[in-house]
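Q: First to last, the sequence lines map onto chains A and B.
Take the working numbering: the last position of the first sequence gets the number 382, and nothing is skipped along the way.
Take the working numbering: the last position of the second sequence gets the number 382, and nothing is skipped along the way.
No wet-lab data here; the hints were simulated from the structure.
In this text, all values refer to a predicted model and were calculated from it rather than measured experimentally.
Where hints are given, some of them may not hold.
The list cannot tell twin chains apart, which means a pair is met if one copy fits it or any two copies do.
To be verified - Below 30 Å or equal to it, Euclidean Cα-Cα: the simulated DSS-like pairs (lysine-lysine) are: (1) K245 <-> K135; (2) K178 <-> K152; (3) K216 <-> K152.
Number of protein chains: 2
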Amino acid sequence: MNYIDLSIEIVKKESFLCIGLDSEIEKIPEFLLEKEDPVFEFNKRIIDATNDLAVAYKINTAFYESRGLKGWESLKKTEDYLKNFPEILSIADAKRGDIGNTSEQYAKAFFKNLKFDAITIAPYMGVDSVSPFLSFKDKWVILLALTSNVGASDFQFNYITESQEYLYEQIIRKSSEWGDKQNMMYVVGATQAEHLVRIRKIIPNHFLLVPGVGAQGGSLENVAKFGMNKSCGLLVNSSRGIIFAGTDGNFANKAREQAIEIQQEMKILLKKYL
Amino acid sequence: MNYIDLSIEIVKKESFLCIGLDSEIEKIPEFLLEKEDPVFEFNKRIIDATNDLAVAYKINTAFYESRGLKGWESLKKTEDYLKNFPEILSIADAKRGDIGNTSEQYAKAFFKNLKFDAITIAPYMGVDSVSPFLSFKDKWVILLALTSNVGASDFQFNYITESQEYLYEQIIRKSSEWGDKQNMMYVVGATQAEHLVRIRKIIPNHFLLVPGVGAQGGSLENVAKFGMNKSCGLLVNSSRGIIFAGTDGNFANKAREQAIEIQQEMKILLKKYL
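Extracted from the complex, chain A is given alone in its bound form:
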């Protein structure tokens, strides 16, 4: 999926919602456990109930790897199922990244074998850990820039002597030369105006993947006000707040209700800021 198609999809659906399939088997409705692949069954019903409201789904690989081979089967089936919706961007939230020949193998794993459209990558190992992913047409690297967790303050706000900027800014500035807005996005967990403004000065046109709105209480209004560009340029993720909204046979409808609520807010924000 390319930049223009994604931007058009956002306008058509009046939504920049990404739904995170952090589908812990311990948290899915109990009645699904008798199915052959409970997690895939859960994901399928969530996708069926929400795909007209979301422009992207994000699969957090950890929640699948923790179940070993069975987890990888659920992951593969879910990604295969998402391919029935070619207008949807599928993201492997995998936080990979290694030396060149190893990143090539990860690119093969997630772009060829599993056919994801995008993958999240950690920046610490630099250019050759990222570039193997950038040679695939209409595929995306989503590089960690500013995350929303407690540990984000450990290193991401280091002030760099040479370039007089925060580490996260330097990572964005430097890495934006490795690709362009057509094949790179950035994870930006900040909902504070200050950092969104700083980031938009460096990359006015790239997409930002924003986690932590919803269940974790970030402000969607702020993200739109300070982060939106003229193609929208935002994907805002919600995981648990949507997928675990219900706990019984009605869970998919409950997820849909939550997704509608966010989408309606996004519709207003798109009118206001786009």
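Since the structure of chain A is provided, determine the placement of chain B on it from the hints.
A: For chain B alone, coordinates are given in the frame of chain A:
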């Protein structure tokens, strides 16, 4: 496996060799391809031929994930097989790391489900991306500090204004407070004396996992001279130089010959610097 057991094993075997099972199916001897699981068969024979010479094996997950479910089966079988050698440290070279609840899932995947002794972790997301791995007894986090690839120069040598040190030093200094020498090691790709000396000033007692000696031409002498501490405190990895030394039915013997050559050098260096 704990710090003391590993240190004793090094003295007993007169070796601090880690063998990297970067077992690309395209590079293993052709005759193995008719086996049910060629990669596991390859790994098993390598392990059988070298386990008296190495103290650790490192499985690079990318080379397994790139083959999808079959790859994960080979990975699991290899790790299960390594459990026949309880004196060997098994490392998942997985470069994982995510927010707390996600890192918990990765810890479950690699320490419980797959029973690895150690896992490599990327530091960018800070404390809560690392700490879930540290609560497992006799298991290890091996944190990326200074890598040996081209992209290492992009961010790792950033000079941090507040603390007047390189980013990689700050990461080592700060993270060494999250655990101790019993549950944390560091990936140190540098073979330059200067950086080994700087690192040993911060963490005199921790183990360092050093990649890139051998096929990539780093100096083992330098690593021992400037990196060894009184328990050795080094694991030096060689992957391709050992496992792909031969290309035919004799490949395991060829691997053994290469491993002996490195082990003999290590024996001399242990006498000289331990």
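Q: Next step is simple, just say for each hint if it's right about the structure.
A: Evaluation of the provided hints:
Taking identical chains as interchangeable, the C-alpha atoms of K245 and K135 lie at most 30 Å apart only when they sit on different chains, with a minimum of 27 Å there against 37 Å within one chain. In this assembly of identical chains, K178 and K152 lie within 30 Å of each other by CA distance both inside one copy and across copies; the values are 16 Å within and 24 Å between. Proximity of K216 to K152 under the C-alpha cut-off of 30 Å is found in both arrangements, the shortest distances being 25 Å within a copy and 25 Å between copies.
Figure legend: structure checked against the earlier numbered hints; every hint is met.
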